[in-house]
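Chains as they are written, first to last, in my numbering: chain A, 1 to 264; chain B, 1 to 165.
Please keep in mind that the hints were generated in silico from the structure rather than gathered at the bench. Ideal Cβ placement from N, Cα and C applies to all residues, glycine included. Be aware that one or more of the hints could be misleading.
The following label-pair restraints were derived from C-beta to C-beta distances [unchecked claim]:
| no. | chain 1 | residue 1 | chain 2 | residue 2 | range |
| --- | --- | --- | --- | --- | --- |
| 1 | A | ALA224 | B | GLY71 | 20 to 30 Å |
| 2 | B | ALA95 | A | GLY229 | 51 to 61 Å |
| 3 | B | SER13 | A | GLU235 | 29 to 39 Å |
| 4 | B | GLY84 | A | TYR2 | 38 to 48 Å |
| 5 | B | ILE16 | A | VAL37 | 19 to 29 Å |
| 6 | A | PRO233 | B | GLY56 | 42 to 52 Å |
| 7 | B | ILE94 | A | ASP225 | 35 to 45 Å |
| 8 | A | GLY63 | B | CYS42 | 16 to 26 Å |
| 9 | B | GLU73 | A | ALA43 | 28 to 38 Å |
Not everything, but these chain B residues come out facing chain A in the computed CB check (under 8 Å) [unchecked claim]:
| no. | residue |
| --- | --- |
| 10 | PRO21 |
| 11 | GLY119 |
| 12 | ARG138 |
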Amino acid sequence: MYAFAYQKPATVAEAVKLLSADPEAKALAGGMTYIPVLKQRLARPSAVVDLSGLGLAGIGVSGGVVTIGAMTTHAAVAASAEVRRAIPALAALAGGIGDNEVRHRGTIGGSLANDDPTADYPAAVLALGATLRTDRRTIAADGYFQGMFTTALEPGEIITAVAFPVPEKAGYAKFPNPASRYAMVGVFVARGPQGVRVAVTGAGQGGVFRHTAMEKALEKSWSADALAGVATPAEGLNADLHGSAEYRAHLVGVMARRALAAAG
Amino acid sequence: MSLSVSLTVNGVSRTIVLDDPRVTLLDLLRERFDLTGTKKGCDRGQCGACTVLLGGRRINSCLALAASCDGAEVLTIEGLAQGGALHPVQAAFIAHDGFQCGFCTPGQIMSAVGLLGEGQAGDDPERVREGMSGNLCRCGAYVGITEAVLEAGRVLAGREKGTAP
Numbered sequence: 001m002y003a004f005a006y007q008k009p010a011t012v013a014e015a016v017k018l019l020s021a022d023p024e025a026k027a028l029a030g031g032m033t034y035i036p037v038l039k040q041r042l043a044r045p046s047a048v049v050d051l052s053g054l055g056l057a058g059i060g061v062s063g064g065v066v067t068i069g070a071m072t073t074h075a076a077v078a079a080s081a082e083v084r085r086a087i088p089a090l091a092a093l094a095g096g097i098g099d100n101e102v103r104h105r106g107t108i109g110g111s112l113a114n115d116d117p118t119a120d121y122p123a124a125v126l127a128l129g130a131t132l133r134t135d136r137r138t139i140a141a142d143g144y145f146q147g148m149f150t151t152a153l154e155p156g157e158i159i160t161a162v163a164f165p166v167p168e169k170a171g172y173a174k175f176p177n178p179a180s181r182y183a184m185v186g187v188f189v190a191r192g193p194q195g196v197r198v199a200v201t202g203a204g205q206g207g208v209f210r211h212t213a214m215e216k217a218l219e220k221s222w223s224a225d226a227l228a229g230v231a232t233p234a235e236g237l238n239a240d241l242h243g244s245a246e247y248r249a250h251l252v253g254v255m256a257r258r259a260l261a262a263a264g
Numbered sequence: 001m002s003l004s005v006s007l008t009v010n011g012v013s014r015t016i017v018l019d020d021p022r023v024t025l026l027d028l029l030r031e032r033f034d035l036t037g038t039k040k041g042c043d044r045g046q047c048g049a050c051t052v053l054l055g056g057r058r059i060n061s062c063l064a065l066a067a068s069c070d071g072a073e074v075l076t077i078e079g080l081a082q083g084g085a086l087h088p089v090q091a092a093f094i095a096h097d098g099f100q101c102g103f104c105t106p107g108q109i110m111s112a113v114g115l116l117g118e119g120q121a122g123d124d125p126e127r128v129r130e131g132m133s134g135n136l137c138r139c140g141a142y143v144g145i146t147e148a149v150l151e152a153g154r155v156l157a158g159r160e161k162g163t164a165p
């Protein structure tokens with residue numbers, strides 16, 4: 001790590017002020033990505049603003065909406081009786097991120113602010129049509145993800161909570177990287193107030209995306225059979241030593257069918 | 001910049017002034033508190049050798065800034081045995097050959113203590129393997145580790161019911 005100053009503000013307003021006053025300052029949530037980034041000297045922030053003292057952890061359900069505070073850990077979401085009851089697919093997704101040590105520190109807000117193209121949460125946020133609340137506004141999922149590691153967040157803007165409308169049906173399935181468990185391909189399917197939405201993570205070069213052809217097919221018939229003729233073009237998908245773009249395109253179909261089976 | 005950090009480590013309150021915020025919880029334990037039982041493996045959150053309990057939850061201590069842990073309770077491998085009597089997880093690792101070289105063992109044991117505390121594995125070997133998946137063992141002692149965690153789970157459950165030896 002390069003040298004940095006450490007700040008641990010007690011209020012969101014103070015954190016925003018620190019981050020806005022210094023463009024080289026960076027926010028720290030759970031640190032499961034950012035601490036390794038610092039250790040590898042891939043970033044050189046002037047200051048690290050630790051968000052763990054802002055009181056942003058917690059889960060609430062009311063009026064058909066599950067609201068999860070930005071600093072809520074993956075383990076807390078996975079274990080939450082309220083989330084398991086309202087959106088079991090979301091609890092299951094959280095319980096499949098990394099390993100237990102990571103789930104006890106990693107946070108939903110940190111994951112969404114980082115927007116790793118292989119992260120799990122973006123698929124849930126996009127497919128469920130969630131709303132991100134920040135210190136200054138609300139951002140709809142459809143306008144939030146803007147490509148790999150790129151989001152609608154402004155400099156110094158902090159996610160405070162994520163609000164998920166409770167769906168009628170939802171399911172998630174991923175093909176995990178065998179060593180690290182990140183999603184080589186993950187598909188989240190949901191049917192709810194916003195219709196049918198299908199989001200794919202891990203596969204796209206531009207990060208998470210909606211699979212509109214699958215959405216149309218599932219609007220007609222909510223079943224794995226409905227996906228039989230739906231193609232996933234390999235163009236624009238990731239290719240690496242773990243699998244070609246064509247292989248990932250195939251996995252999108254397989255994971256979508258598994259997600260549907262999980263959704264019931 | 002100097003930062004004052006107060007922690008309860010293995011039941012003992014400790015306060016230290018850090019001259020640099022880059023100190024991780026792992027480095028604080030090993031290099032400032034001389035608690036070298038917790039091991040540094042990959043130093044980037046992939047191997048689990050540095051696993052400790054922070055507020056009762058298992059974490060990779062290499063991925064936590066010490067300053068961020070101010071006010072927290074930390075339990076390390078040195079705090080498990082009580083008055084010379086091994087913790088049931090420690091005893092089970094010995095009984096079932098849950099290690100070879102031993103480098104990953106403190107992390108394995110702390111992770112197992114955390115897993116049993118979470119109550120998410122029960123007596124299902126597959127769930128134990130999944131629950132211990134954050135801790136790598138390059139000697140490949142996984143079979144013994146799984147058996148040790150299962151037995152320790154039975155011993156601890158028996159203690160709660162008052163039927164254990």
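Structure-based check of each hint:
no.: 1; hint: A:ALA224 to B:GLY71: 20 to 30 Å; in the structure: violated, 50 Å
no.: 2; hint: B:ALA95 to A:GLY229: 51 to 61 Å; in the structure: holds, 57 Å
no.: 3; hint: B:SER13 to A:GLU235: 29 to 39 Å; in the structure: violated, 60 Å
no.: 4; hint: B:GLY84 to A:TYR2: 38 to 48 Å; in the structure: holds, 45 Å
no.: 5; hint: B:ILE16 to A:VAL37: 19 to 29 Å; in the structure: holds, 26 Å
no.: 6; hint: A:PRO233 to B:GLY56: 42 to 52 Å; in the structure: holds, 48 Å
no.: 7; hint: B:ILE94 to A:ASP225: 35 to 45 Å; in the structure: violated, 55 Å
no.: 8; hint: A:GLY63 to B:CYS42: 16 to 26 Å; in the structure: violated, 45 Å
no.: 9; hint: B:GLU73 to A:ALA43: 28 to 38 Å; in the structure: holds, 30 Å
no.: 10; hint: PRO21; in the structure: holds, 3 Å
no.: 11; hint: GLY119; in the structure: violated, 10 Å
no.: 12; hint: ARG138; in the structure: violated, 13 Å
Of the numbered hints listed earlier, those contradicted by the structure are 1, 3, 7, 8, 11, 12.
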